[in-house]
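Start from chain A and add chains B and C according to the hints.
Residue numbers (our numbering), protein chains in the order written: chain A, 1 to 314; chain B, 315 to 742; chain C, 743 to 1036.
Treat the hints with care, since some could be wrong.
[Claimed, not checked] Restricting the straight-line Cα-Cα distance to at most 25 Å, the calculated cross-link-like pairs of lysine to any residue (SDA-like) are:
1) B/K532 x B/A724
2) A/K156 x B/A502
3) C/K863 x A/A296
4) B/K682 x B/D487
5) B/K494 x A/D151
6) B/K554 x B/M481
7) B/K392 x A/R68
8) C/K863 x A/I51
9) C/K863 x A/I24
10) B/K523 x B/I478
11) B/K523 x B/T490
12) B/K523 x B/P695
13) C/K944 x C/F1021
14) A/K216 x C/S766
15) C/K978 x C/I837
16) B/K613 x B/A502
17) C/K863 x A/D151
18) A/K156 x B/G577
19) A/K156 x C/L773
20) A/K307 x C/I864
21) A/K216 x C/H770
22) C/K978 x B/G381
23) B/K525 x B/T711
24) A/K84 x B/A724
What the hints contain is simulated information worked out from the structure, not anything from laboratory work.
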Amino acid sequence: MTVQNATSTIPYSEAPKASVWKRIWQQDAPGYLFLLPWFIGFFGLTLGPMISSLYLSFNHFDLLTAPRWAGVDNYVRMFTNDPKFAASMRVTMFFVVFSVPLKLAFALGVALLLNRGMKGLTLYRSLFYLPSLLGASVAIAILWRQIFAADGLVNKFLSIFGIIGPSWISNPNYSLWTLIVLSIWQFGSPMIIFLAGLRQIPQDMYEAASLDGASKWRQFWKITLPLLTPVVFFNAIIQTIEAFKSFTPAFIISGGTGNPINSTLFYTLYLYQEAFGFFRMGYASALAWVLLALVAVFTAFSFLTSKYWVHYDD
Amino acid sequence: MSITLSRRHFLASSAAALAVGASGVLPAWAQNANLRLIFWGGQARADRTYGVVDLFTAEHPDVAIEGEFLGWADYWPKVATQTAGGNQPDIIQMDYRYIGEYARRGSLAPLDSYVGAGLDISSFDQDQLRNGTIDGKLIGVSLGVAAGATVFNSKVLGDAGVDIDPMRWTYDDLLTHGPKVWEATGGATAMAPDGSGIELLFENWLRQKGKALYADGKPAFTPEDVTEWFELWAALREAKAIISPDEQAIDTGQLETAPLVRGKSAMNFTTSNQLVAYQTLVPDPLGIAIYPATSADSKGGHYRNSSQYFALSASSAAPEKAIEFINFFVNTPAAATLLGVERGVPASSAMRDAVAASLDERGQMVVKYIADLGEIAGDVPPTPPASAGEIEVALKTKSQEVAFGAQSPADAGPAFYDQVIQTLGRTS
Amino acid sequence: MTDAPMKLTVVGAETPIWRKRLTSVVSHGLLISASILMLYPLLWMLAASFRPENEIFTSASIIPSSWSLDAYFRGWHGLRTSFSVFFTNSFIVSIFSVIGNVFACSLAAFAFARLEFRGRKIWFALMLMTLMLPYQVTLIPQYVLFRQLGWVDTFLPLIVPKFLAADAFFIFLMVQFFRGIPRELDEAAMMDGAGPWRIYWKIMLPLSTPVLATAAIFTFIWTWDDFFGPLIYLNKMSDYTVMLGLRTFTDSTGMSDYGGLFAMSVLSIVPIFLFFLIFQRLLIEGIATTGMKR
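Excised from the complex, chain A in its bound form:
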């Protein structure tokens, strides 16, 4: 996260001559006390399983018998002798690169539109959020076939113009795109977060700006966007992490296969097949930690650059 200079935070230690313990109590204790529930959860529930999976990634583990030490075998195999690893990485990268910006742009656009105080705002907001309510329900897979199959809704629409479309959902050239569309269709969560962010921008700033004769366009660039950057930053990071880990859409729509021709074999879907389909939890754990390393590098990079474009009020 961005560097905060000490003066801008609450200086709880105001007695420089106090003993070390008193200083710790005054300076560090409040933070740790507020974090207490999180600490209990982190050390009690989260950390152990994470370390276990890291350990298992250096083992052959078939779920049913004891793990056998494998050294770095799993990692070596991944990078030297596993075409499906490479294929699933390509699919996931493609998905991340296209779905994240499109979904965010869509969510921000609609949020801005809905923040203009027009009539029926509540209604539209609810309607636009409805698709996200469905989550990963089995019904989604069936719905998506109704839309993107050869005789689906999309092709019925195209046929008006005399175009005969392919079966989008099952053609290896397009199937990944139908999942990208699904991801964009469920843009409700980032939209709500953008809306909440927009509502936090003090109205008086706009009033002052418009009295100065600033155009709407200028107001957007000079007020809205800068003040919204913490939320944009959050949405970008979270959506990217989620896209890298994306599992359920491909799982329900391809029936867990990642087909046609592995064109929807998302990284975590491959990982899941290895773990639960083919009894290779050790290898799956190695796959998971490689993903974590990749996402962590991306996130760290984003935090490093964030100080140049994310504006906090503190």
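The following block gives chains B and C in isolation, referenced to the frame of chain A:
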């Protein structure tokens, strides 16, 4: 068996009642055997299964059975997690592919010691027992006989003027009659789906050629066989006897994605126990036939598989009671009548007779199909090697590569064969 | 909801009426057509819940040939355990999750956003890291852990982690919003002798209604929609949640009740949609409407 148990239960509870007599409270542990049962299936299967559970517990008030059922896709991760987490249910429904994986890793108990001592398999078909035997030990009790079968839409075929002999039809028939269906429906429906990625069908075809999928943990076919297989389907695709690759790829294994259900093909290559399920989703009457033969008098491709098994957890705390339930499930006429042929035709000849009278038309068709298969069927293959599940997935993917034109049959044969060798050689 | 945007009309007063009307018509037109596009799949599902079973996958029309409520009655009692049980379970799990998440995550977020203590950045980085590991590989170790605690087959594995801020998403979300609240406010309060707890309770929380409402909405909906946790940790049908019940309708290998699936899918959306409708009012409160002047 049940009498002794009841008596023991009686003694135990009397002793317990004496021990806490003064307080007059019945101890909760008087109901001493709590069995957990897990199976995959839909609601229809659950209703029948729980019906049998109720019958059993009515006769055995000392046993409480807690049943749990899930869809196929959710079932395996849950069973794997429970097993790995040391919390396996006592009775686990198993599939022919997974039973080897679990048995070889010691999480299922061998049943040999219970045979004749709680478990009665005297009227079971020999091939059903062989199916449930892994590395010489009886692990799974077959819950139903099923065999590869083609389910077809009689109306669509009839309207197109196509008449096939259900027990003798061939790939040549498919090639000659296929285009008629395509024309009669104006290109809306093909005669058959693209079966090139269906492992059971590939195996059936290999067996008709005197080969097999696996022998001694190694592939029992050659790269040339694979090429020939893909070429066969390429010719059918060319002739519009089967559906397009686009349409085939929609089929992800769920029933509602099958081309037959979506009206895209007049057939589906599946297993005999699925007929009833397909019928609920297709308005036209369905019939049942063999997988296409390579020639009209070809034999040995089919075999009587077990659609599923009950297996006993190696960590069960009450194995005798669990066996008692399994035995009740497969050997009681009342249970058999309730179960019908939903899981397949009963493996015990006595139960087949008991069931016969109560079956509806589709159920009777399935029983007749299994019986008629008599002369055509060959021996059951050995339990597939570990990693066979991965190869099944690989065949589907490879078939799509060929169908979409990403690889020629000539290249796909050796490529698939290499993949099989590599996969079989890999440690988990 | 209406008073804040009204202030924007100061600008609007200068634009001609016809242009305003046109903009409004175009905006509504766009929004309505977008809504239809968004909603078509849901309408299809609604229609499917009313039509005859063997027509669901074969009929091209969205209008059923005949209407029936059969699937609703069939679906409600279809799984041996009635859906009223599943709905109750989902409510219990979701409501507790909302309480836990809002409380525990806001505490942690306040510490990360406003307090200075040693190791803060390291803990923050570790917290983010917990977001990055796919759950598939921690599932079994976690199952073993919960089993040792004796929590398997209860709601505890689904609820307790929420009270321990295990979902880093919400901490991070709240941190971002807390940092947007003007720091002069806490500094002023501190001058008056307020400690961190009072600043958290009296300043941060009241000014953060939008983000707290967002967290409540998401927690409720995501917990409601989650099936993997319940799938793994709940064994008894009487403990199943709605989503798990819905999954049980379909089995790829046998007969499935699709009508029942769609009917219950429709009903399953109703509570989360209502929750959304109620809580979205809070989304639009906050600095903007509480009249905070800087």
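Do the hints match the structure? See the list:
Distance check on the hinted pair: B/K532 and B/A724 sit about 22 Å apart at the alpha-carbon level, within 25 Å; holds. Between A/K156 and B/A502, the direct Cα distance comes to roughly 15 Å. Compliance with the 25 Å bound is thereby established for this hinted pair. As the CA atoms of C/K863 and A/A296 are separated by approximately 14 Å, the hinted pair is consistent with the 25 Å bound. With a C-alpha separation of about 23 Å, the suggested pair B/K682 and B/D487 falls inside the 25 Å cut-off, and the hint holds.
Taken as a hint, the B/K494 and A/D151 pair is honoured in the structure, with Cα atoms around 22 Å apart against an allowance of 25 Å. With a C-alpha separation of about 23 Å, the suggested pair B/K554 and B/M481 falls inside the 25 Å cut-off, and the hint holds. With a CA separation close to 23 Å, the supplied pair B/K392 and A/R68 stays within the 25 Å bound. A threshold of 25 Å between alpha carbons decides the hint, and for C/K863 with A/I51 the separation of about 21 Å falls inside it, so the pair holds.
Distance hint between C/K863 and A/I24 is fulfilled; the C-alpha atoms sit about 17 Å from each other, no more than 25 Å. Straight-line distance between C-alpha atoms of B/K523 and B/I478 comes to about 22 Å, which keeps the hinted pair within the 25 Å bound. Distance check on the hinted pair: B/K523 and B/T490 sit about 22 Å apart at the alpha-carbon level, within 25 Å; holds. Proximity of B/K523 to B/P695 is assessed by CA-CA distance (about 15 Å); at most 25 Å being required, the pair is judged to hold.
Taking the CA atoms of C/K944 and C/F1021, the gap is about 21 Å. The hint holds against a cut of 25 Å. This hinted pair checks out: A/K216 and C/S766 have alpha carbons roughly 16 Å apart, not beyond 25 Å. Proposed proximity of C/K978 and C/I837 is supported: the alpha carbons are some 21 Å apart, at most 25 Å. This hinted pair does not check out: B/K613 and B/A502 have alpha carbons roughly 33 Å apart, beyond 25 Å.
For a cut-off of 25 Å, the pair hint linking C/K863 to A/D151 is broken: about 54 Å separates their Cα positions. Between A/K156 and B/G577 the alpha-carbon distance is near 17 Å, which keeps this suggested pair within the 25 Å criterion. Between the alpha carbons of A/K156 and C/L773 the distance comes to roughly 23 Å, so the proposed pair stays at or under 25 Å and holds. Pair hint A/K307 plus C/I864 holds up; C-alpha atoms about 18 Å apart against a cutoff of 25 Å.
A threshold of 25 Å between alpha carbons decides the hint, and for A/K216 with C/H770 the separation of about 19 Å falls inside it, so the pair holds. Of the supplied pair hints, the one linking C/K978 and B/G381 holds, its CA atoms being roughly 8 Å apart against a limit of 25 Å. Distance check on the hinted pair: B/K525 and B/T711 sit about 23 Å apart at the alpha-carbon level, within 25 Å; holds. In summary, the hint linking A/K84 to B/A724 is supported, as the alpha carbons are separated by about 22 Å, within the 25 Å threshold.
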